[in-house]
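Enquirer: Sequence:
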Amino acid sequence: MRHIPSFPDVQVDVEGKLKNKLESDETLFVLLLNAIFREFGKKIAIHPWLFICASLLLTVFCSLKIPFTKMTNDVSDFTPYGARARKESAVYESFFSNKGDPVVLFVLITAKRKGGNMLGVHELEDTVQLLNIVSDQFKVEDIEKGGNLSFSDFCDNFCTINEPVRHFHSGLLLERNFGNSSLDHIDLGYPITTVLGRQLHMDPHFFGVKIAVPFNKTNKNNNSELNHQIISVNELKRNSLNVKDMSSFHYSLLSSNLTQMPNNIREIKLICLYFRAVRPKGVSKEAMQNWQRQIAYFVRNEFKSDFVDAHILSETILTDEVVRAGLTLLPFLIIGFVIMVIFSSITMSVAAYYMGQLGGHKILLAIVACCCPFMACGTALGGMFWFGFRFGSLLCVTPFLVLALGVDDAYLLLNSWQRLRKKMEKSIKNQQEINFLKEHNGEEEQKLVQKLMADVMVDTGASITITTLTNVLAFAIGAFTPTPEIRLFSIGNAIAITIVYIYQWTVFGPIITLFGFKELKQILKEIKKKIKKQKINSNNLSISSFSSETDSGINLKEEEYYENKYNIENNNERKKKKRKEGMAKYFRRTIQKYCKRFLHFYCHSLNNRYVAFGVFLLLFLYICISLYGLFGIKAELKPEQLFLRSSDIQEILRIRDLYIMPFYAVSLPSFCQSPRRKNELTEFLEWPEFQFWNGFIQLIRPFNNTSSEPQLKRFFFSTASFGEELKEWSKREELLEYWRKVADSYPELEVSVFEDEAKFLDLIPTMIPQTLQSTICTLICMFFVCLLFMKNIPSLAISNFAIIFTCIGVFGIQSLMGTALDPIFMSAAIMSIGFSVDIPAHIVYHFYKTGVSEGNENKLIKNVEERLLDCLASIAFPVLEAGLSTLICVSSLFLVDLHMARVFARTMTLVVVIGLLQGLLVIPTMLCQFSRQGSLQKNFNKENKNKKVAPTVLSVNE
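Counted the way the UniProt record's numbering counts, the sequence shown spans residues 1 to 958.
Calculated directly from the structure, the hints in this document are not laboratory data.
Every clue listed holds true.
Lysine to aspartate or glutamate pairs mimicking DMTMM-like chemistry, simulated, CA-CA at most 20 Å apart: (1) Lys-638 <-> Glu-737; (2) Lys-593 <-> Glu-866; (3) Lys-426 <-> Glu-526; (4) Lys-70 <-> Asp-320; (5) Lys-112 <-> Glu-651; (6) Lys-139 <-> Asp-153; (7) Lys-269 <-> Asp-657; (8) Lys-634 <-> Glu-728; (9) Lys-87 <-> Glu-757; (10) Lys-731 <-> Glu-640; (11) Lys-638 <-> Asp-74; (12) Lys-139 <-> Glu-315; (13) Lys-139 <-> Glu-302; (14) Lys-638 <-> Glu-728; (15) Lys-451 <-> Glu-39; (16) Lys-638 <-> Asp-320; (17) Lys-145 <-> Glu-286; (18) Lys-727 <-> Glu-651.
Use the sequences and the hints to build the structure in full.
Expert: In structure tokens form, the structure reads like this:
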């Protein structure tokens, strides 16, 4: 087994001819970074408290804004800018602009009894009772009128829209009390009910209806009971409609050839009550939202019924549930922090024990490492809020991501500090201590800390910068997406990752120097004590030895004599110390020995053709499976995934899934110019049972002419469509596009379509193109970022292929797991592209550095296996540490019963697992096997012709 030696006589910060010669192989950007980091590291070591206090003050100032910023969300935040739904929504709102903002609240009522049939006296009685309570008991303050208004007071044209339900209940009571035979003028039918001669359309209120329909053929026994069958309205439509394309969605029960039987209703699954109004000018928007929340709270907690269950649905309630879902992540953030502190304390202590630098301050360093991401989040989010950004629910995921990523940089910093400190300590001990003390009079600790911190920043600065830059660029590209919520999420993450990058240098770095100052001070104190003791012993020996040397005629210089005697005594003391080594030190040395052996065996195995063939075969299968899943990915939208699974909204959306009710507004109708039609319309609207139609039209009179006939300015109507396929939102999007085509075919009427879910549906056709564009742009940026740090073309190619393979795997495996492409997955996909760079970039860049970093002038690397050994010895443990910490941190998100949390957790898990396999298995195998063909080796030798290059010092050196 070949031992990779260290070279203690060559210091890390050599600024002589050798270092200039070696650094010339770095890119200009890296050379500039190294120069900046070297000076910055010295400043940090000189003024650590200045950087710490400045960072803390900035964090406190920005974070003060967070508690006073209310989380706000809107369902339209997932609608792309420029989407047609936004224009349609503006037309819808302008329809009521002369009166106020439109307000719509739905009450969905289902039966508690077995079978869930609402066709019962008690069920309808409780329904009417709830209708009365919502209409009359909940008040909203009107500042202009100086009083409190109920819905019955501030509703304008839709006050009687729920009257069909009330009349149906009255008709049912009459029928049950007097019997069917005595009341021929009552027909509890569907879709038209007749009560005391008044016809009422029940289809806007009754859903899940089963009716009695007649047979087409007469039964032989001529038995009236056998002349009909019970069938659901949905199945009746399904049997009468063969849906082949979206253009066939025109079927109506009223247009069929079936005759409506008297009292044909047999079952009602759902009753829907509508409370549609416009907000009065004297009522604030917040007051109207609170009115809706009061109703929802009452229905959820105070409304007691043994017969029915009620649910409230409105835009305010939806927004509140989205906010509540986001806030549920915060307690799990504390769990993630505690887990990360424990894990970091263990791994940092293990690394310190391996390096012989274990101390209690390593626990404090672990805590500080986990606090830096939280400080960065407080600074980033607070700063955004100071500048007017809103607090969106997706931003609740940011602390998890920043915590998982920010700690990784701390691992690299501390590992580099410990490795270079050990090298420096070894270099000091191998020098002549007397000369060392002459060179370091009084300020040796401060100078050593400055030099060591500068070397650490040069050693890790470029590596940390490349990963931070790729992550920030990935989110920066996401900030240009047209979806507001994704844009906000991307901006927040980009700023937070940038700030945590800064805080690792300005907070964690100074903390390391403060503890490092004490560590080096203790080392120098022991050396001084040892030298002082040896000097006393040497003086005593010199007195007795001088006379004997004079007698024998030997003339030796006193200094040379002292040095020889010192070396002999030093060797004797080493032997004694070695015999007195305790079990702890012996155990550590044993671990180091086996780690070296394993590392040599691992690198040698990756260089084996058969092992490489197996790795490439697995890589090929992985790519095939991932591509299969990737090409099968489907853009789908499920609004219920924005809410907790325990939320009442889940049940409401489940009930509502089968029904679509688009709204159609028509301006400037040319067919209403006839005076006769105007008179008929006026008379029609004056009838009490038709007054609610005033809410569907807008009539205007000529200015200062009250006697003239009113003119119809605009009107709207609603329609519904049926289809089992409409459970899928992608099918609803197709239907919406069909209706838009129909509306566009009447440009003279200025028809506009409004559908409540259009703000979601318009996102579906844009998700795949947006994701594809963001992915391609990000991958191109990743290539140019890598080009800033590495000149070696094969290294660039391997790192970029690893990034592409990681992204393909994340997308494909997520698709195979059933995850559809939705706004949440879009955000996670953008995030995964940037994160997929981290591990491959560390491995490839450190391998690249083994050919351009410091080393022994007498050693020329010709074996790529040695370079790989050097690379893995330096970076493998912190990469594993970072990967495992990320997995542990995001694991707490799996505990949250929320689609958003689990998608991000799965994405991060896949990125880390695939990245570790790529970085520690696939990439090293490629490096070894491609070097066998000479591509990497020839390129490397050509670049380093006539240069003597050696690997960096291994962290596994004793």
